[in-house]
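**Q** Just so we're aligned, residue 1 is where the sequence shown starts under UniProt numbering, counting upward by one.
Bear in mind the hints are in silico, worked out from the structure with no lab data behind them.
It cannot be assumed that every hint is accurate.
Label-pair restraints from in silico Cβ distances [said to hold, decoys possible]:
(1) ILE38 x THR65: 23 to 33 Å
(2) TYR4 x ILE81: 36 to 46 Å
(3) ILE48 x VAL15: 20 to 30 Å
(4) ILE21 x SER43: 26 to 36 Å
(5) VAL6 x PHE51: 52 to 62 Å
(6) LEU79 x GLY18: 12 to 22 Å
(7) ASN63 x LEU36: 39 to 49 Å
(8) LYS66 x SER41: 51 to 61 Å
(9) SER30 x HIS88: 43 to 53 Å
(10) VAL31 x ILE80: 39 to 49 Å
(11) VAL15 x ALA49: 26 to 36 Å
(12) ILE56 x MET1: 49 to 59 Å
(13) VAL6 x VAL59: 28 to 38 Å
(14) GLU86 x MET17: 25 to 35 Å
Positions of the beta carbon are idealized from the N, C-alpha and C atoms, including for glycine.
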Amino acid sequence: MKRYEVFKNIRKRAVIMGLPIALFAMLMVSVIGSLLFIIFSFSFSVIIAVFAFNAILYVVLTNLTKNPALLQFKKVFPLIISNKKESHIYYEED
Numbered sequence: 001m002k003r004y005e006v007f008k009n010i011r012k013r014a015v016i017m018g019l020p021i022a023l024f025a026m027l028m029v030s031v032i033g034s035l036l037f038i039i040f041s042f043s044f045s046v047i048i049a050v051f052a053f054n055a056i057l058y059v060v061l062t063n064l065t066k067n068p069a070l071l072q073f074k075k076v077f078p079l080i081i082s083n084k085k086e087s088h089i090y091y092e093e094d
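The task is simple: from the sequences and hints, build the whole structure.
**A** Right, here's the structure in full:
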């Protein structure tokens with residue numbers, strides 16, 4: 001008989017349309033804002049531009065989900081790992 005573990009942190013890895021919940025929410029806010037923009041503007045070029053913007057945003061967000069290192073600007077590990085207390089006093093002579 002199989003034993004199944006209880007997975008309590010299911011929301012951490014939950015995805016909708018290939019995006020985590022936070023990025024999917026950002027995409028839906030963009031879509032709703034785009035719909036409001038389309039409703040109040042009666043130009044065909046604006047409608048095409050809004051659809052293109054939402055498609056590009058979806059592609060960018062899925063690429064960021066697949067490669068999270070693209071947004072990582074600082075180094076993960078320090079250059080030197082030491083247990084020595086850091087002091088700003090310089091003991092060596094010039």
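**Q** Hint by hint, note whether the structure agrees.
**A** The hints, checked one at a time:
no.	hint	in the structure
1	ILE38 x THR65: 23 to 33 Å	holds, 27 Å
2	TYR4 x ILE81: 36 to 46 Å	holds, 40 Å
3	ILE48 x VAL15: 20 to 30 Å	holds, 29 Å
4	ILE21 x SER43: 26 to 36 Å	holds, 34 Å
5	VAL6 x PHE51: 52 to 62 Å	violated, 43 Å
6	LEU79 x GLY18: 12 to 22 Å	violated, 36 Å
7	ASN63 x LEU36: 39 to 49 Å	violated, 27 Å
8	LYS66 x SER41: 51 to 61 Å	violated, 34 Å
9	SER30 x HIS88: 43 to 53 Å	holds, 47 Å
10	VAL31 x ILE80: 39 to 49 Å	holds, 47 Å
11	VAL15 x ALA49: 26 to 36 Å	holds, 28 Å
12	ILE56 x MET1: 49 to 59 Å	holds, 50 Å
13	VAL6 x VAL59: 28 to 38 Å	holds, 36 Å
14	GLU86 x MET17: 25 to 35 Å	violated, 46 Å
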